[in-house]
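As given, the protein sequences belong to chains A and S, one line each in that order.
Under the numbering used here, the residue at position 36 of the first sequence is numbered 36, and the numbers go up by one with no gaps.
Under the numbering used here, the residue at position 420 of the second sequence is numbered 420, and the numbers go up by one with no gaps.
It cannot be assumed that every hint is accurate.
What the hints assert, rightly or not - Cut-off 20 Å, straight-line C-alpha distance, at most; resulting in silico cross-link-like pairs (EDC-like, lysine to aspartate or glutamate):
| no. | chain 1 | residue 1 | chain 2 | residue 2 |
| --- | --- | --- | --- | --- |
| 1 | S | K127 | A | D49 |
| 2 | A | K42 | S | E143 |
| 3 | A | K27 | A | E63 |
| 4 | S | K142 | S | E111 |
Hints are computed from structural coordinates only; laboratory data are not their basis.
Since the structure is predicted, the reported quantities are computational estimates derived from the model, not experimental observations.
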Amino acid sequence: MNSMSATSETEDFPTTFANAVHGGLDKVLGQSGAAAVLSHMKMTNSLPDPAEFHKRLLALFGEKATLSLERAIVKDLVRRLKWALELLSIDGPFNFNATMLKIQKSVKA
Amino acid sequence: MTTRRSPGLRPLTQVNRQRSTAGSGAEDLAETRIATVLGLKQFTQRPVRTLLIKGLAGTGKTIVALEILKSAGKGKGAYISSRVPKELLEAHIPAMKETLDNQDFLDIRLEDATSVLDFVMQLTEPKKVRTIVFDSWDGLAKELDQKERLRAEKTLMALANNSGAQLIFVSEEPGATTIDYLVDGILELLRVEEQDRAVREFTIHKLRGTKIPQHKYLFTLLEGKFTFFGPYAIPDYSKIGKFTQRPDIDRSYSFGSGALDRLFGGMIPGSTLAIEYDENVPYSALRAIELPPIINFLSMGRSAILLPLPGANDERTNSILTKALGESAVADRLRILNVVRTSDLETTNLPKSATPHEIHEIVTRETTGLREKSKDRSVLLVKSVGALENLFASDLDSLLEVTSQEIITLAQSHDAHILFLPKDSPIRSRILSMSSSYARLFVRDGTVLLFGVRPHTGVYALQHLEDPTSPSLTQLV
Chain A
1 MNSMSATSET EDFPTTFANA VHGGLDKVLG QSGAAAVLSH MKMTNSLPDP
51 AEFHKRLLAL FGEKATLSLE RAIVKDLVRR LKWALELLSI DGPFNFNATM
101 LKIQKSVKA
Chain S
1 MTTRRSPGLR PLTQVNRQRS TAGSGAEDLA ETRIATVLGL KQFTQRPVRT
51 LLIKGLAGTG KTIVALEILK SAGKGKGAYI SSRVPKELLE AHIPAMKETL
101 DNQDFLDIRL EDATSVLDFV MQLTEPKKVR TIVFDSWDGL AKELDQKERL
151 RAEKTLMALA NNSGAQLIFV SEEPGATTID YLVDGILELL RVEEQDRAVR
201 EFTIHKLRGT KIPQHKYLFT LLEGKFTFFG PYAIPDYSKI GKFTQRPDID
251 RSYSFGSGAL DRLFGGMIPG STLAIEYDEN VPYSALRAIE LPPIINFLSM
301 GRSAILLPLP GANDERTNSI LTKALGESAV ADRLRILNVV RTSDLETTNL
351 PKSATPHEIH EIVTRETTGL REKSKDRSVL LVKSVGALEN LFASDLDSLL
401 EVTSQEIITL AQSHDAHILF LPKDSPIRSR ILSMSSSYAR LFVRDGTVLL
451 FGVRPHTGVY ALQHLEDPTS PSLTQLV
């Protein structure tokens, strides 16, 4: 099985992605913090656009905290997709938007 | 300021721009007041972004937090209350009504952590708010489990760090909690018993990146305002101005100081006031009680005798008195008898081994002479028992006998008597029992404190805020 193309057995990708956003934020900010961020961004029910999401996080938390939050989201997503994190080979500095696009593309493939 | 709304939250109280304090200097005063508390100076200058104010109920946490909020500047602060509504807070602390009117106020008594964090995001994202007060943080945090609480606190820290806002957490939790490890600074406020009286003290437990030369300070909440007391500072005697005499108060002599008159109600003719002092009370603080009555007596055309405290510098005393009164009054109607100096004994033709009785005779003779020069024949006798004890350490019984005689004799006259008594004086209790009134001076956290035992008064911090020769007394409430 191509590990890069596997998705969650019970969820489609948008749902998995949305859950990963919740899960990643929960891990760092706690349930209240995560809910507050999504409520503040008005993203409680809709799938966040990664670029827009990154921009909003940056405005709220600044670069370093945003990086931590986005890494937590990616880790959570990879775990949900049952991928190995090492397989997600990304060159250069971490870029949330590029990473998400790569994952989405791999899932579709 | 725009009224913000948040899911589940009431609209914020709108800032009343009509009630401006701009130009009044009130905000500057708050900055100065807090800034002068050494370490806190850096807090107001922002390297310390998060501060925890701890203490039991009634210790003054809210007032301190509001003082810091006030220093944020109009419209640049927010007060998040989990305890009381705005109206009640204003009723409890009327002096802070304007501060509360000038800042956002959010009543979160019925809100959950998510709504509150969302609100903080609304405040911090535009990066305009300088200070946010959570009063109290426990009220909200206690609803969260340990892990969730820590994460919520980390979220707040990250928001503050990015926006540059200061977060002030007010807490009634006595022990260390998760927030203790996260914040940059911790202040603990206490009410402590001192001489059967309650005084307020704060301790700086930590202030990251700040040198803390003193950890504890006394403060007062007089008139609903936070005022701390730094270590006692010796006054600058070069700034002595011409003394303005204070007339008698009914049938009592003025102490020559409005503060002392208000505290003790003046000196009744024939009375003896004993001032007991701890060994660490600075001489200049004692001088602030010693000199004003003398200056006022002389300025009223009366006479005075001074037996100075051990270590007193006669030249300095003369110089201070001359600056305040002019040379003639000092030369004509004041006699300084420095009993530990042989020159004084020699001038009175006494042997170097003079007895307490012989000293008493000198004082009596000088009093008689000065009485003739006094406009109403009254004389003020200001005497250091400590200096006499040093001189007559081997004959304290005689000293006590003589002092008792003086007090009794003086009670029949129109003279006034002030005795300075070291706390560890062996004849202390006998002298105090004969004195008509009795006050104590001591030092705590570097601040000189004064209170009346008889009559009973509150505790006052002694400073020199105006005239260097006169005390400024601020009550600790």
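Do the hints match the structure? See the list:
1. S:K127 x A:D49: Violated. S:K127 to A:D49 sits at ~24 Å, over the 20 Å cutoff.
2. A:K42 x S:E143: Violated. A:K42 to S:E143 sits at ~25 Å, over the 20 Å cutoff.
3. A:K27 x A:E63: holds (18 Å)
4. S:K142 x S:E111: holds (13 Å)
Going down the numbered hints, you'll see the structure goes against 1 and 2, while the others check out.
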